[in-house]
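Protein chains in written order, with the working numbering: chain A, 64 to 159; chain B, 35 to 357; chain C, 178 to 264; chain D, 891 to 988.
To be clear, the hints were calculated from the coordinates, so they are not data collected in a lab.
Source: prediction; values computed, not measured.
We treat Cβ as the ideally placed atom computed from N, Cα and C, and that holds for glycine.
There could be a bad hint or two in this list.
A short, non-exhaustive set of chain B residues, derived as facing chain C with CB atoms under 8 Å [claimed, not checked]:
#1 M39
#2 L46
#3 L79
#4 P87
#5 L91
#6 V234
#7 T237
#8 L239
#9 A246
#10 L263
#11 G302
#12 M304
#13 F306
#14 E307
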Amino acid sequence: MTPDLIYGVTGIAVFAIGLVGAIVAQNRLRRVLALKLCSVGAGFVLIVAAWRSPPDAPDPVPHALVITGIVVMVSATAVALALIRRLHSLEAEDDA
Amino acid sequence: MIDTMVIFDLLLAVAVVALAVASMTTRDMFAAIVLFVVFGLLSALAWVRLSAPDVALAEAAIGTGVTGALLLRTLHHVQTVERKAAPEPLPVPMGVQIANAAFCGLLTLGLAAAFAGAPRGGPGFDLLVADAMSISGVDHPVTAVLLNFRAYDTLMEVVVLLAAVIAVWQIERGLSDAPAPALGEVWQGFARLTLPAIVVVGTYLLWVGSSAPGGAFQGGAVLAAVGLLLLLSRLYVPRPSHRGAARVAFVLGTGAFAAVALLVTGGGRMPFEYPLEHAKTLILLIEGLVTISIAVTLAALFHGREPVALPERAAGTGGRDDA
Amino acid sequence: MTSFLGGILVVLLASVLGGLVRVFRGPGAADRLMAAQLFGTAAVAMLLILSQVMAMPALLDVAMVFALLAAVTLVAFVALSARGRPQ
Amino acid sequence: MTPLELIAGALIALGAVFFIAGTVGVLRFPDIFCRLHALTKADGLGLGLVALGVGLLAASPGAVVRIALVWFFVVVASATCSHLIARHALERARRERS
């Protein structure tokens, strides 16, 4: 039982949960949350790929990729959330 | 004797999965966001266990801190702007449900098969990076990859942030008309003490990035946290006249990065091929400016709307009344 | 020593995970927040111990950021839910 | 195991005990203000003891300084955050009563 196996399985599970959530959820906010879970799951798998058995010298390239992914994800999340807020305001105006 | 660290890893893994499930299934959206923040902290801990402290820093600061604040702000907006008749969710046909389940199952199985089939712990890029470290200009491999070996990726990443803030400014326009939250005197003392301290920590992370985990993104996110606190407590209120400075700050990082990348081609080099004797200076210059851009951009993404004085709303912007 | 500290880590993690039951049960937003705060502090403690177990002093910086971010998110939670629901 | 390690281990274990006590308090105490009381004990004392223990084991003076800074910040922040949470709960309770 090495950390890479444990967390690799974790990553795949988190990705699957996020995927199901993104499809099943009716609430828009929860859908964004689900996509974020997917990205964390993918991050787990990439970081596991970078893990080396004496754990002091991991592969830095996947680490850099995941950092890039995190920043891209926060940009996408911000745009999605702005759309949600705008859509909600427009719907509220339509109701009135 | 069983290694206690293996037990810790297993418990952490189970907790991460359980929290992911919980944040998807909890009815209360506020609880779901709290659970998501805890989930983010736990994943960062797991990434620390996989000896990826840089990624743990980025996930804790950007993926959890800033994202959590963004989600909360949206939840707050959705809850305060009330709709008269919330539409009933449409029932999903059985066929669609089965198709969805099959799609999710197949995709997950594919990922699992790829994971099981891929060689783990094998040599990747680590040997190449270790060989090239001496010409990178910095001592920390992840920073070397981000700012030198794969600098074009990082440039595109900064461009994505820029695109996001442009989009968000277009989607929402107008001044914030929410009143300042009453946080009390204790909070004000705390803000006076900690806001400068957080600035110091952010700058430290940027500076330490050349030799240890840290760097532009982590430092920028910590500085953005200062912006978030200022915006939340209305100690700073964006005005239409501040837009010029904000735009300069948004573009600063991308512009400097691209300019350096192109200007080094002067001596017959490729773009992004920094001259060895100036590599560290150039990387620190880029990182410093990119940090400013990231901090301002993330704070602007949180604020969400371009501060334009809309005629019908311009009157109701009394903000600074908690000072 | 590593094995002992590992045991402490397991105990700490198990304990705060138990505390998370408060997030589900609520009843108010304040109760949920409190569990999250306990969790943030415990995560800082776990990082401090991990920095010793894994011999990575850089984890102290991670602990610092955790501490800062836990405080910032908490203030955001309070500020955004304080004036949240109209009466 | 050196005597120093023994002392550090004991301190860390004691810190963990305070965290357990804090969790039990957060779960079992009847209302929010009692729970906050339990929480702050875990925050201040638990983390303080763990930080002291890890500080004894730390190799470099720089690490000790950073551990002290982390602890100091958490104490200040958790006090403020607890105050904010209590304030929030009190306002909510008042609003509901009126």
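Going down the list of hints, with the structure as the test:
Taking 8 Å as the C-beta cut-off, the interface hint given for M39/B holds, the closest approach to chain C being about 4 Å. Annotation: L46/B was flagged as interfacial toward chain C, and the flag holds, the nearest CB pair being 6 Å apart, inside 8 Å. Checking L79/B against chain C by beta carbon gives a least distance of about 6 Å; that is within 8 Å, so the hint holds. With its C-beta approaching chain C no nearer than about 5 Å, P87/B sits inside the 8 Å limit, and its interface hint holds.
A cut of 8 Å between beta carbons decides the hint on L91/B: the least distance to chain C is about 6 Å, and the hint holds. Because the beta carbon of V234/B sits about 11 Å from the nearest beta carbon in chain C, more than 8 Å, this interface hint is broken. For T237/B, the interface hint is violated, since its Cβ never comes within 8 Å of a Cβ in chain C; the closest pair sits about 13 Å apart. About 7 Å separates the beta-carbon of L239/B from the nearest beta-carbon of chain C, less than 8 Å, and the hint is met.
Look at A246/B: its Cβ gets to within about 5 Å of chain C, closer than 8 Å, so that hint holds up. Against a cut-off of 8 Å between C-beta atoms, the interface hint on L263/B holds, since the closest Cβ of chain C lies about 6 Å away. Here the hint on G302/B is broken, as its CB sits about 38 Å from the closest CB of chain C, past 8 Å. For the restraint placing M304/B at the interface with chain C, the shortest Cβ-Cβ distance is roughly 32 Å, beyond the 8 Å limit, so the hint is violated.
Interface hint at F306/B: violated, since its Cβ lies 27 Å from the closest Cβ of chain C, which is beyond the 8 Å cut-off. A least Cβ separation of about 29 Å between E307/B and chain C goes past the 8 Å threshold, and the interface hint is therefore violated.
This entry does not satisfy hints 6, 7, 11, 12, 13 and 14, going by the numbered hints stated previously.
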